[in-house]
Structure formats: structure tokens, C-alpha cells
Amino acid sequence: MLSFISSLPGAIAQGAIWGIMAVGVYITFKILDLADLTVDGSFGTGGAVLVVCTAGGMNIWLAMLAALVAGCLAGLVTGVLHTKFGIPAILAGILTQIALYSVNLRIMSGKANLPLSVMKYKDILLVTLRNINKSLVVCALFVSVIIAVLYWFFGTELGHSLRATGCNPSMARANGINTSTNKIIGFVISNGLVALSGGLLAQYQGFADVNMGRGSIVIGLAAIIIGDVVFGKLFKNFALKLLGAVFGGIIYYIVISFVLWLGLPANDLKMLTAAVVALFLGIPYWKSKIAEKSIKQIPGGKTNA
Amino acid sequence: MLEIKDVHKTFNPGTINEKKALNGLNLTLNDGDFVTVIGGNGAGKSTMLNMIAGVYPVDSGSIIIDGVNVTKLPEHKRAKYLGRVFQDPMMGTAADMWIEENMALASRRGQVRGLKWAINNKEREQFKTMLSELDLGLENRLSAKVGLLSGGQRQALTLLMAVMKKPKLLLLDEHTAALDPKTAAKVLELSNKFISEEHLTAMMITHNMKDAIAYGNRLIMMNNGQIILDVSGEEKKKLTVEYLLDAFTKLSGAEFANDRALLN
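Taken in order, these protein sequences are the chains called U and H. For the first sequence, this note's numbering assigns the number 1 to the initial residue and increments by one for each residue that follows. For the second sequence, this note's numbering assigns the number 306 to the initial residue and increments by one for each residue that follows.
Treat the hints with care, as some may be off.
In silico SDA-like links for lysine to any residue, alpha-carbon gap of 25 Å or less [as the list claims (entries may be wrong)]:
| id | chain 1 | residue 1 | chain 2 | residue 2 |
| --- | --- | --- | --- | --- |
| 1 | H | Lys382 | U | Asn178 |
| 2 | U | Lys134 | U | Phe154 |
| 3 | H | Lys473 | H | Tyr548 |
| 4 | U | Lys236 | H | Asp401 |
Away from chain U, derived, C-beta distances all over 12 Å, residues of chain H [said to hold, decoys possible]:
| id | residue |
| --- | --- |
| 5 | Glu406 |
| 6 | Lys470 |
| 7 | Phe499 |
| 8 | Asn522 |
No lab work stands behind these hints, which were simulated from the structure alone. This one's a predicted model, so the numbers in the text were calculated from it and none came from an experiment. From the three backbone atoms N, C-alpha and C, an ideal C-beta is built for every residue, glycine too.
Whenever a hint applies, use it, and build me the whole structure from the sequences.
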């Protein structure tokens, strides 16, 4: 039990980093009502850009900015594929994601894994396994600033028009809103945040890997769903809903470290995550089915159909 | 105010489902005209309104609103000239957003949306005053989700949103068809009130011949994507349902096949 408890702070830090990525996914999945698979690629892009920039001697904050911009560009590509090429959002995301695999390898000069020596950079890195207390503070700072900025943005005229685009595109167009442009803006912001989160994770674990984003959309969805299930009744305000997604990420990582401590092989984790997400996505549907079955009837007819 | 010149539209051309929806449609509306539009199913009434709004492009012809040729403008750019209410009460509002948020969206129709706050307190007061005119008790529910409202309330709100920023042309596409008779009458009265108070130019599709006769200063009847009857002024005031049914049979060579219109 002690080893589990001692792993908690690390799990919280890592969960918060994935929580930032879940906030990015929230924008496309919840606000625009689109499933964007670009994130599996753009998460790795963020990590790769950060490691290459930092190792090249760039200031860590500038390197974070570079990761953010790289993610925004990835989102721009998906947005253009979806709105200007008429490709369905899911397929547009998959295309960008596949392309990003090559792009990420290019960024890392053809290497599948690029280390960021923790010994050499330990005073520079914003978050790192070697200093979990500092990592927790930095994560809290990032989460607060990102949620504050998004809260402001989605309260503006433009932010409102993005929400209308996701909620009812016909109504949005009838009120003069360019739904195509708005979707692109959503993809850009979302993937920017995802790449930022990838940049943080690369620092935290001390390396960038071409596969580090694989399955991240599922983790993002898991965080959003867990946040919704646990805090949905309590958190009605938009900022709190975003915070719910971050908490969802943290809970996800605590549960992961718990099942690992129980002895689940690490290789089976993705299977478990997918099963949990499928289960929670299915619950609302089953609820309606059960409601149908339990209709109160008045006896009548000779036989039951 | 509106000129439609020789507009053609064929859906699914070259397939077994080919449907000529508009067949050389010509129409000119004067400033302040309130036109009611009747016709059988598939006559092209909704297609005409959707063409004006730019939901899909025309095959040929021109559409001119207030002197501006909008034929090639996309839907969201034409929105600055148009107020629209749809048949489906769910279509005109964003269900997950509040009443005041929906109204704020509508009040910026045709404007560039920037990074200013979406709603300010002055607007909230204006919204309250406008909502109290609907007399549905919505003025105290500014922060209620629109999805919680009834179909009639949503349709009244959509109507208010369509006129709160004065449109050059108001398009009402059978906007009372999905409502119960009492609510339909109320929404229709509100529409008439807004149109006369604000001197709006408006087109209203309806399946109710009595309403088509009672409201507006002009009536057009459509068949096969063309206008077959156009009555206005004093002549319109003398119209009867029987006359319209006779006229339809004579002009189109078919019975007016629409149960809803006949039952009304």
C-alpha cells in the first residue's frame, strides 16, 4: 500500500498533464461536437518540438510556445481538410494524424525516441520526475491559466459563435456565423493545447517518443467522461466543467497506478482504458433502453408480442 | 426589396430521383410587402425560401435583395439581410445555450464577431423588454437553456430573434405548422404584429388558406416551381378559400392535393 501512496503525487502530476490535453479534446468533442483524432499525432508533435528546441538551447518558455504553435498548425490542417476538402471530421483527423507520424520523425531527425537529459536540464525543465513538488505547482499554474483564458474566450462574441456552431449549425448560419471558419478555429485551439500538454509530458518523462501520442484521444475522452460522471452534478459553470476534465485526467492516472500496483501488466492498460471509455459512452444509451423496457403497462390483448 | 429573376433549380439531376423544384421562377417584392405563399406539396415553396436564404445554390437565374445581387453569396453572408423562422421549432435556436445567449447571437447578425463580451447588461435589459412583449413569461428566464422551452416558446423566441435586428426580408417557412392551434394562432399574431410595427417586408409559407387570406397584402400560389397566381391589394381582401381552390384546379389542371389545406 505504501508504494501505491508514494506513487500518488507522480500520478497526480501526470494526470494533470493529460488533463490539459483533455481540455483540448473537450473543445472539439463537447463544444464543436466533432471527434478529432488529430490529437494522437499532435500530442507527439508537441513533445518532439519541445525536446528538439530545448536540446538546441532555446529558452524553455519559447520551446513551449513553439510546441503550442506546432499543434495549432496541425489543427489548421485538419480544419482545412474537413471544411475546404469536405472530408468527414473523423477521417480528416486520421489523415493528419498519419501524416504527423512522418512529420514527428522529421522533427526528431529520424529518431523514434529523443531523450532530454534530466541531469543536464533539471533546473530548466518546468516539470520533471525528479522534482514532483515543483511539477505539481507548475501543472496547477498551467491548468489555472488555460482554464481562465478559455473561460474568457468562450464568453466573447466569437466564443459564443463557436458554441452555436457546435450546437446548431443551421441556426448559426442563419445568424450570419461562418461555421467553417469557426470549426477551423476550434481545431486550431484544441490541438494547440494538446501539443502544449505533449510538451509538458516530454519534459516530465525526460524524452519524446514518436508513439507517445498513440491512444491519447481515448485517454482524453476517458478524462472528460470521468470528470462528467464524478463532477457533472456539481460543476455547472463552464470553467468548472473544464476543471472537471482535468480532475478526470487525475482520477484516471490514480486509478491506473492503483491497478498497476494490484499487478495488472502495463501492456494491458490500453485495453482497460478502451473498455472503460466504451462502457461510459454506452451507459446513457442503455439507460434510455431500460426506460423503454420498463414502461408501465395496463394488462390487455390475448398474447404479448 | 426582393427580385427573383428566372431561377431554376433541379435536385438530383440525371437520376431517377430528379426533381425540378424551381422552373423559371420570377418574383418582385416591393418594400413593405407581406406576401403569403400557398401551393401543394412539392410546389417549390420551401425551395424558393431556401434559395433566397442561400441554403443551396441556384442552377441559373439571379436573386437580388435590396439592390444587392446575392446569387453567389454563401448562406452566412446573406444572413445580414434576412430574418428566418423555420418549420421545425428546434431549428432556429441553439438548445444548449441560454435564452439571453441565443438573443445576443441574433442581435449580432451580419456583424463581425470579435473578442468583446458576448452580452452586456444594457442588452440584458433590452432583451427583457423584448421578451415581455411575447407575453410567455420568458423575461424572467434569461439564463434558462432554450432546450427546456416548449415548441411554441422556442418558435416565438426564434421569431423575436429573426426581427430584433431589423431584416430587409423576413422569411417564415410554415413556422406555425408544428404547433398546436392555440399556440399557432399566437405565434401568427406576433408575426403579424412585428411585421406591421416594424414595416417589414415578409414572405410567409402557410398551408392554412384562411390564414393566407387573412394576413398580408399579397398572396401568391405556386405549382411546379412557378407562380401561377399573384393577387394583391383590394382584390386580395375579397378572396375566399373556394375561389382559391377553383383557381388552383383551373390554373394547374389538377385538384389541390393537400389534406391539411382542405381540412382547415
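We went through each hint and held it up to the structure:
| no. | hint | verdict |
| --- | --- | --- |
| 1 | Lys382(H) <-> Asn178(U) | 8 Å, holds |
| 2 | Lys134(U) <-> Phe154(U) | 30 Å, violated |
| 3 | Lys473(H) <-> Tyr548(H) | 32 Å, violated |
| 4 | Lys236(U) <-> Asp401(H) | 12 Å, holds |
| 5 | Glu406 | 6 Å, violated |
| 6 | Lys470 | 9 Å, violated |
| 7 | Phe499 | 17 Å, holds |
| 8 | Asn522 | 26 Å, holds |
In this structure, the hints that do not hold are numbers 2, 3, 5, 6, in rising order.
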